[in-house]
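Asker: This is what each chain is made of:
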Amino acid sequence: MHKTAKRSARAAAAGVLALTLALTGCSSNSNSSKGGSASPAANGDDKAPATFSVFMAGPGQQPTADNKILKLIKEETGVSFNMEFLVGDLQQKLGVMIASGDYPDIMSGDDKLINAKAYIPLEDLIEKYAPNLKKHYADVWNQIKDESDGHIYVLPAYGVYQGKITEPTYQGPGFWLQKAVLEEMGYPTPKTLDEYFDIIAKYKEKHPDMIGFESLNFDWRVFPLQNAPEHLAGHPNDGAVIVDNNKAQIFADKDISKTYYKKLNEINAQGLMDKEAFVQNYDQYLAKIASGKVIGMFDQHWNFQDGETSLISQGKIENTYIGFPLLYDGAEEWYRDRGAVGTNRGFGISIKAKDPVRIIKFLDQMITEDWQKTLQWGVKGEDYEVNEDGSFYRTPEQRANADQTSWQLANKITTMQGSMPKIQGTYSDGNSDSPGTQPQEFFDSLKPYDQKILKAYNKKSWSEFFKEPKENNIYFPAYSIVLKDGSAAQLAQSKLNDLQVKFLPKAIMASPDEFEEVWTDYVNQIHKLDIKAYEDRINEGIQQRIEKWSVK
Amino acid sequence: MSDAVLDKQVKKQKTRNRRVDPEIGVSLSWKTLKIQKQLVLMSVPIAIYLLIFNYVPIWGWLMAFQNYRPALSFGQQEWVGLQQFRFLFADETFLMVLRNTVAMSFINLVLGTVTAIGLALLLNEIKVKFFKRIVQSISYLPHFLSWVIAAGIVATSLSIDDGIVNIVLMKLHIIQEPIMWLSEGKYFWGIVGASNVWKEVGWGTIIYLAAITSIDPSLYEAASIDGAKRFQKMRYVTLPGIKATFVILLIMNIGHILDAGFELQYLLGNGLTVDWSQTIDIFVLKYGISMGNYSLATAAGIFKTIVSVVLVFIANYIAKRLGEERLI
Numbered sequence: 000m001h002k003t004a005k006r007s008a009r010a011a012a013a014g015v016l017a018l019t020l021a022l023t024g025c026s027s028n029s030n031s032s033k034g035g036s037a038s039p040a041a042n043g044d045d046k047a048p049a050t051f052s053v054f055m056a057g058p059g060q061q062p063t064a065d066n067k068i069l070k071l072i073k074e075e076t077g078v079s080f081n082m083e084f085l086v087g088d089l090q091q092k093l094g095v096m097i098a099s100g101d102y103p104d105i106m107s108g109d110d111k112l113i114n115a116k117a118y119i120p121l122e123d124l125i126e127k128y129a130p131n132l133k134k135h136y137a138d139v140w141n142q143i144k145d146e147s148d149g150h151i152y153v154l155p156a157y158g159v160y161q162g163k164i165t166e167p168t169y170q171g172p173g174f175w176l177q178k179a180v181l182e183e184m185g186y187p188t189p190k191t192l193d194e195y196f197d198i199i200a201k202y203k204e205k206h207p208d209m210i211g212f213e214s215l216n217f218d219w220r221v222f223p224l225q226n227a228p229e230h231l232a233g234h235p236n237d238g239a240v241i242v243d244n245n246k247a248q249i250f251a252d253k254d255i256s257k258t259y260y261k262k263l264n265e266i267n268a269q270g271l272m273d274k275e276a277f278v279q280n281y282d283q284y285l286a287k288i289a290s291g292k293v294i295g296m297f298d299q300h301w302n303f304q305d306g307e308t309s310l311i312s313q314g315k316i317e318n319t320y321i322g323f324p325l326l327y328d329g330a331e332e333w334y335r336d337r338g339a340v341g342t343n344r345g346f347g348i349s350i351k352a353k354d355p356v357r358i359i360k361f362l363d364q365m366i367t368e369d370w371q372k373t374l375q376w377g378v379k380g381e382d383y384e385v386n387e388d389g390s391f392y393r394t395p396e397q398r399a400n401a402d403q404t405s406w407q408l409a410n411k412i413t414t415m416q417g418s419m420p421k422i423q424g425t426y427s428d429g430n431s432d433s434p435g436t437q438p439q440e441f442f443d444s445l446k447p448y449d450q451k452i453l454k455a456y457n458k459k460s461w462s463e464f465f466k467e468p469k470e471n472n473i474y475f476p477a478y479s480i481v482l483k484d485g486s487a488a489q490l491a492q493s494k495l496n497d498l499q500v501k502f503l504p505k506a507i508m509a510s511p512d513e514f515e516e517v518w519t520d521y522v523n524q525i526h527k528l529d530i531k532a533y534e535d536r537i538n539e540g541i542q543q544r545i546e547k548w549s550v551k
Numbered sequence: 000m001s002d003a004v005l006d007k008q009v010k011k012q013k014t015r016n017r018r019v020d021p022e023i024g025v026s027l028s029w030k031t032l033k034i035q036k037q038l039v040l041m042s043v044p045i046a047i048y049l050l051i052f053n054y055v056p057i058w059g060w061l062m063a064f065q066n067y068r069p070a071l072s073f074g075q076q077e078w079v080g081l082q083q084f085r086f087l088f089a090d091e092t093f094l095m096v097l098r099n100t101v102a103m104s105f106i107n108l109v110l111g112t113v114t115a116i117g118l119a120l121l122l123n124e125i126k127v128k129f130f131k132r133i134v135q136s137i138s139y140l141p142h143f144l145s146w147v148i149a150a151g152i153v154a155t156s157l158s159i160d161d162g163i164v165n166i167v168l169m170k171l172h173i174i175q176e177p178i179m180w181l182s183e184g185k186y187f188w189g190i191v192g193a194s195n196v197w198k199e200v201g202w203g204t205i206i207y208l209a210a211i212t213s214i215d216p217s218l219y220e221a222a223s224i225d226g227a228k229r230f231q232k233m234r235y236v237t238l239p240g241i242k243a244t245f246v247i248l249l250i251m252n253i254g255h256i257l258d259a260g261f262e263l264q265y266l267l268g269n270g271l272t273v274d275w276s277q278t279i280d281i282f283v284l285k286y287g288i289s290m291g292n293y294s295l296a297t298a299a300g301i302f303k304t305i306v307s308v309v310l311v312f313i314a315n316y317i318a319k320r321l322g323e324e325r326l327i
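From first to last, the protein sequence lines are chains A and B.
Sequential numbering from 0 applies to the first sequence in numbering that gives the first Met the number 0.
Sequential numbering from 0 applies to the second sequence in numbering that gives the first Met the number 0.
Be a bit skeptical, because a hint or two may be false.
If you want the footprint, here are the derived chain A segments under chain B, 3+ residues with CB under 8 Å [what the hints assert, rightly or not]:
no., segment
1, 87-98
2, 480-492
3, 502-510
No more than 30 Å apart at the CA atoms, straight line, and that leaves these computed lysine-lysine pairs for BS3-like [unchecked claim]:
no., chain 1, residue 1, chain 2, residue 2
4, A, K527, A, K253
5, A, K257, A, K505
6, A, K178, A, K262
7, B, K285, A, K253
8, B, K185, A, K274
9, B, K285, A, K274
10, A, K494, B, K185
11, A, K92, B, K303
12, A, K46, A, K73
Which chain B residues face chain A? A few, computed with CB under 10 Å, are given here [claimed, not checked]:
no., residue
13, S158
14, L266
15, S289
16, L295
Read the hints as simulated data drawn from the structure, not as lab findings.
Note that CB positions come from ideal geometry on N, CA and C, so glycine has one too.
Use the sequences and the hints to build the structure in full.
Answerer: What follows is the structure, encoded as structure tokens:
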């Protein structure tokens, strides 16, 4: 009792101190050596039970009450969690949270929350209490600062690599085709839109029940419809703009877009496009993919992965997909990119958190290699084994377990871990961050069917269908440049999005001789908007990043 | 006979004291307050409730004249005058949204009232009590579904794959090919109207049925003696009997004409139908709350309130001129 009171008083004092430091704008660049002296032992005395409320900005399932990892965390650190997953619309939820000022202790990062000043600045806390985090983020320290005021509000979950980057599964954008289709068509490798839709047309002719090309135009998941042109033209995923020579411009009204949507208009006339594509919601989209009836689509892999997971659990592995990087003539491929530091995507500590020091110490502990292995691989001997040469692998049973949702809920904390700072790449002992990225483990874990397909293409992993990523531009990705709430730039972006949502389906579904008319109307509508405000803001952001982020 | 007398009395008192109970016809004076002090005491909590939840929040209207930022205190807010309102009325989308709201509301109002009265009249003619109750229960049960579920049912029945609507129309040879109902803006208002009728008709009927039961049976007997048939009784006894209820409900509903709904339009709408499906509430969510522009949302809210108040007064005035019951 007495001890607790003393500690919380101390913690509160530390919190106040940290805040004061932050408010007086103390520079945090130079004195990193001071933080290094805090040893893990210093964390050791903080084992008293504490419960933190956590809000995750994505849907997910509550881990079971006796979850193995949560139990381990509680035993070792005394920390337990009160997790809240997103239900319904994120923007609405955030709006309510901001309006009421009622924040949980820990929240997944979001620009909106940052704009509302819902997070406390973290740099001094990290400096003082989190040597491991400090080391982890050292290379990107400038990048993870908020662009508007230079504070660190959110600890990015992804994009901080160490060691070697090995990524056998490809999660990014691509034109996907079902493996069964590829197998039947003799393992073709489409390189252009024409070749791609030719495969779909030929296959659908033989199997009229199948859905040719699928798309999605729902809620915030409109990128399957919007993003294809930039990739076809050889640009990485910068969102609604393409950047040439550090100069951004929107591409929605450009020819690279027109060419693509005209092609979709043609295939729609041929009956290859799913009629309901633009009317359905995300669940219906996933259901279609999970039915195994969709021949192909353009999407980012993670966006339809739930559908694939369902296919795998149904044993229809031949209906899962392989992505192809299609290109316009003369364009240079840039589909794969090096994951940029997801600046505002990760955990931040809210202004309502009672014990920020404890939270940062906890997160600091979690970034150590031992904990990372536990979080990402599991418990040694239970979830993975170690070879005599020290490399990690899993037995077939362990793999089978890991695929099951019910097992995951009891033995992993997948969703929360998604927002936690994590090591990506390889550990100091050479093992990859998780089973999914360990090259040999990956290939061994594949079903014989997948191994057969890969052998037919003479490849070892799915990401090999794409070229090795080029070095990122320093500002990459432009879509993460923050637009101020209520600014002309934000309004223009939102209106542009509305126009796309409305006109692109119209253009695609119009009869081919009406396409020109709809397109002209669409472009005229775009030009009525204050697009310049949007482009100017993005360009300003690019310049700022080039200036501030350059590694010295 | 007594109606006219009572009416006059009420009018006279009205010039002196605004609040009058037309039933009792007693004016609200200190004396009556004293006599009815228990009643007054009982209404105090409600008055406080209204004050806190309905009047205090009006303070928030000031937001509409600011560039409101949640984190700042009142004194730090930036005042922008009528800029938010100017933005609203200069915005093409807002005008379209206004049109949609009024149109869908109007459709709902007319369809809702007509079908509810119609069903009430029909139910009233049913002599088998058991059957009447069953019909009533079935017709008002959808009222208790949330719109999320209701919209799911609507979307499923309208789907081209195996939606019941397309199947029935195909079997009846009314259409040759399944229609994608939700992809065409021109169908949208109709779909919303029909969904509303399906969901709310039974609920709306209840109040009319109650009004019908309060009609003096001797009027029906007199009508029978005068040789009125069933439809004539409906026309000359039942309908005038529920006129007062109808007018009061109409006045109340007109106040909600800018509340065309949010959920159904939000859940059924998509890019293709957005020009017909977006209502003021969705607009407020999208350009106000989602973009952190609470001022704009408030401005739209104020606009809605003012229009509603004006409409209620107009309706009330018309009702008064027509010599009907009125609300205020």
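Asker: Starting from the hint list further up, note which numbers the structure goes against and sort them upward.
Answerer: Of the numbered hints, all hold.
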